[in-house]
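The hints should help you fit chain B onto chain A, whose structure is shown.
There are 2 protein chains.
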Amino acid sequence: MADTLNHTERWSLLLVTGASLAVIANTFNGDGAPLVASLAFSTLAFSMTYAFVRWSGPAFVKAGLKGKDMSKVAPKEIPEGMGAVAASVYILALMAFIPFAFYKDIVAATSGGGNRDVVLTAHEIETGRFLHRFPHSKLSSYQSALNTLQATTILGMADDILDLRWRHKFFIPAVASLPLLIVYYVDFGVTSVVVPNFLVPYMPGNTQLINLGFLYYIYMSALSIFAPNSINILAGVNGLEVGQSLVVAGLLLINSSLYLVPFPGNPVLTNGYVDHPHPATDSHLLTLYVLLPFLAVSLALFMHNRYPARVFVGDTYCYVAGMTFAVVSITAHFSKTLLLLLIPQIVNFIYSTPQLFHLVPCPRHRLPKFNARTGLLGPSVTPWPPEKPPNKIQTTVFFALERFHLLQVTVDPQTNRITATSNLTIINLWLVWRGPMREDQLTRELLIMQTFCGLFGLFVRHTMALFIFSMDNRGKGGSQFPV
Amino acid sequence: MADTLNHTERWSLLLVTGASLAVIANTFNGDGAPLVASLAFSTLAFSMTYAFVRWSGPAFVKAGLKGKDMSKVAPKEIPEGMGAVAASVYILALMAFIPFAFYKDIVAATSGGGNRDVVLTAHEIETGRFLHRFPHSKLSSYQSALNTLQATTILGMADDILDLRWRHKFFIPAVASLPLLIVYYVDFGVTSVVVPNFLVPYMPGNTQLINLGFLYYIYMSALSIFAPNSINILAGVNGLEVGQSLVVAGLLLINSSLYLVPFPGNPVLTNGYVDHPHPATDSHLLTLYVLLPFLAVSLALFMHNRYPARVFVGDTYCYVAGMTFAVVSITAHFSKTLLLLLIPQIVNFIYSTPQLFHLVPCPRHRLPKFNARTGLLGPSVTPWPPEKPPNKIQTTVFFALERFHLLQVTVDPQTNRITATSNLTIINLWLVWRGPMREDQLTRELLIMQTFCGLFGLFVRHTMALFIFSMDNRGKGGSQFPV
Chain A
1 MADTLNHTER WSLLLVTGAS LAVIANTFNG DGAPLVASLA FSTLAFSMTY AFVRWSGPAF
61 VKAGLKGKDM SKVAPKEIPE GMGAVAASVY ILALMAFIPF AFYKDIVAAT SGGGNRDVVL
121 TAHEIETGRF LHRFPHSKLS SYQSALNTLQ ATTILGMADD ILDLRWRHKF FIPAVASLPL
181 LIVYYVDFGV TSVVVPNFLV PYMPGNTQLI NLGFLYYIYM SALSIFAPNS INILAGVNGL
241 EVGQSLVVAG LLLINSSLYL VPFPGNPVLT NGYVDHPHPA TDSHLLTLYV LLPFLAVSLA
301 LFMHNRYPAR VFVGDTYCYV AGMTFAVVSI TAHFSKTLLL LLIPQIVNFI YSTPQLFHLV
361 PCPRHRLPKF NARTGLLGPS VTPWPPEKPP NKIQTTVFFA LERFHLLQVT VDPQTNRITA
421 TSNLTIINLW LVWRGPMRED QLTRELLIMQ TFCGLFGLFV RHTMALFIFS MDNRGKGGSQ
481 FPV
Chain B
1 MADTLNHTER WSLLLVTGAS LAVIANTFNG DGAPLVASLA FSTLAFSMTY AFVRWSGPAF
61 VKAGLKGKDM SKVAPKEIPE GMGAVAASVY ILALMAFIPF AFYKDIVAAT SGGGNRDVVL
121 TAHEIETGRF LHRFPHSKLS SYQSALNTLQ ATTILGMADD ILDLRWRHKF FIPAVASLPL
181 LIVYYVDFGV TSVVVPNFLV PYMPGNTQLI NLGFLYYIYM SALSIFAPNS INILAGVNGL
241 EVGQSLVVAG LLLINSSLYL VPFPGNPVLT NGYVDHPHPA TDSHLLTLYV LLPFLAVSLA
301 LFMHNRYPAR VFVGDTYCYV AGMTFAVVSI TAHFSKTLLL LLIPQIVNFI YSTPQLFHLV
361 PCPRHRLPKF NARTGLLGPS VTPWPPEKPP NKIQTTVFFA LERFHLLQVT VDPQTNRITA
421 TSNLTIINLW LVWRGPMRED QLTRELLIMQ TFCGLFGLFV RHTMALFIFS MDNRGKGGSQ
481 FPV
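Chains as they are written, first to last, in the UniProt record's numbering: chain A, 1 to 483; chain B, 1 to 483.
Pulled out of the complex, with its shape left as it was, chain A reads as follows:
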């Protein structure tokens, strides 16, 4: 591919960059306008990612970070691991945004407009002058989110370069999430979950809350291991990794907006939250600050990774995407909502387990098989050679799955033995259901499926949850709804 920007691209990006910088400069007024600044930084991050991905392609190829796109008639080598560029720009944007996120607090903490006295007394130096006025816990949250994302980026880059083994990299996200969990422990420490209504009568003392205590931290660690890896294994088709991340990020933005935008009928509008902000306002604002630049760099990456891909995104992107979701869901207390949005990833993980745990042979790559004659993708298969056929249990399970249309099983009509089964990813399953199709069509259909699953999840979360739990935390008493 050309590694330079064409005329239109160059001028569009320059225009967007200039506009962003102008907007950013203008947010240093009054209380500041952090959300506007965040939007402007995101636009800037989009431009930077778009240009850097294009420009750094040859350097990546030269460094050996390249791969062949096998699902094309004439496979050619394209840069691999370009998600590292997007992740780096994302982190730079999050860092540069810190003064803007806290501008109001900085102004409030100093005498008026950033001025302060020249000579400081001993007491002021010792205690830190603004300890009781500056929201250090908010800054801690932001910094811990940044730390977790940076650690994830380092892990991803190491994996992209060195091809780490599973047993080496599996637990590192848990360590990466440590800065986050510490702040969670110190600031919130809420480890109780709400008991569903229909179970309350059976609880000792009819309690509506169970305190999970230490188990809750295990749960959050598990979430930060699961989210990055689940996106990493729903992959292998042009644009799918970034596409699903864009969908999930978009749905999370909608979810947080439900707490922030007082549209008619929104429970946030009633119950007095017009006069004083909903208690979750700050954490959902933080969610926007973290998600907006992520969405921007992902979009720029998607424009290079969509069919026909000009770059591959690599592990770094998948890890950072998943960890971004884990980070916002933990700091803003909507980890269960996140799980509702990751239903396709969860199903894919469960469906994959027989191959991940080697109960069924797992080839190096399980991506769909490209048919060069038709130009279409079909499901890839695990071959069962005559000398190593599936055992009795496997055979029974395979035929049962086939009956429910959950597996494609090929049987040799002469020997009546299973010769191949489709690989266990929902991508292959989709192709089993819908028949062979072009790569871009496959990505599109999977992303539409992800969107509908997610919208359904949000619907369940904010309406049907009332049938199971006693309240939705946007409405009255929302502040007492702990998790």
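Among the hints, a few may not be true.
The list makes no distinction among identical chains, and a pair is therefore deemed to hold if it is satisfied within one copy or across any two copies.
[Claimed, not checked] Result set (BS3-like, lysine-lysine): computed pairs, CA atoms no more than 27 Å apart in a straight line:
#, residue 1, residue 2
1, K336, K76
2, K369, K388
3, K62, K169
4, K62, K76
5, K66, K169
6, K392, K66
7, K68, K169
8, K369, K68
9, K392, K336
10, K388, K72
11, K66, K369
The hints are simulated quantities; they were obtained by calculation from the structure and are not laboratory data.
This is chain B only, laid out in the frame that chain A set:
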């Protein structure tokens, strides 16, 4: 080299690891023992780095991260960029240490021993229960240090893999230092410097302090650009990058101990600081927490990088080392002391400027020249071909420098023209002064020089400073000594 540990190494490391884990587990008592835990984590980090550097060598070579050691009779390819392993372990250690650093505060903030009530009131959830008891500003400092170091690691890895150009990477350390500067602004905001005694009479109003304001932040940014790069350019001899970092880190540990250890005659002991701790105690403790694991991973790396080198350290290590020094000196307010310890680096930078800014041609590598016949290193030179001789000014300066023994100039006796000048690094200058020597001898002498310069710097800082400034901040009124 063998990429496995031999019998002695394996058992020593296992023993050390076991002992560290036992010590760490035992620090969860009473107020906790963060310094003991830090020592144990550092020992653990040493073992991990030692083993990981050994084990991951082949993976680095396979990924193309390798280099030839040219100063050997039979140059062979060894892994390059292994500092990334040390940096990653360092960051993991800093992260895992967070709960230990704040154990006392966590216990104090919860009801006794980490227990807390099951049902939380709305108010508690909204405000974060421990906001006024937990030292969030300390946690912010620690997290910002971690953020800055991680951003530096990412920059270093990108540079090791992609060979970034100077103009791309020069300002990134300044962005990496942003999380640190924000916390500095919010927590301390001390931007005044003390006026030397002999200048006070000439100051308006005889003031003893000048407020540098915004310039002070520029200064701190510049420090975080200078420190990493200055270590990166004093390099090219086996063990020198890590060796100088070990020396500087050791001297910084001594400096911080002067505030923490009440040995007889230490001003910290008098002036009532026995009853209540010196105001700088917390920041110097933080310095130890950051420096101890750094020293440990550096030592493990040094044992592989010293003559004859089995691995190269790469840019990542140099950047992280320099940034570690910048981070502790900014958070604990001893940036001027740091500059005293970096005198060889400063001299090397100034001496290098003519080549760095291309006033004098700069070859790709300026490392000393290996003489395969004698096995000794001599100064490397910039050749001046007859068709492109030095101009008049250059010639004058070269001969002037030669007169002061600051340059080796080779003159063609027939034409009386300069044919070569030694490259402008203090490593080459040292060889000009001392004559050719073996590589290990050169490293040893340079490190001894660095140690003596640093000890002299510390001596100046803590004794002679009294002749220039009105006080040393370890003694009476130390808390009023702002920077």
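Each hint tested on the structure:
1. K336 to K76: For K336 and K76, the Cα distance exceeds 27 Å both inside one copy (42 Å) and across copies (55 Å).
2. K369 to K388: For K369 and K388, the Cα distance is within 27 Å only inside one copy (23 Å; across copies 62 Å).
3. K62 to K169: Intra 26 Å, inter 19 Å, cutoff 27 Å: intra and inter.
4. K62 to K76: The answer is both: 15 Å in one copy and 22 Å across copies each meet 27 Å.
5. K66 to K169: both (22 Å within a copy, 23 Å between copies)
6. K392 to K66: neither (42 Å within a copy, 50 Å between copies)
7. K68 to K169: within (25 Å within a copy, 30 Å between copies)
8. K369 to K68: The answer is within: 14 Å in one copy meets 27 Å, while 42 Å across copies does not.
9. K392 to K336: neither (39 Å within a copy, 75 Å between copies)
10. K388 to K72: Cα proximity of K388 and K72: none, with 32 Å in one copy and 54 Å across.
11. K66 to K369: Answer is within; shortest intra-copy Cα gap is 21 Å, inter-copy 36 Å.
When held up to the earlier numbered hints, the structure conflicts with 1, 6, 9 and 10 and fits the remainder.
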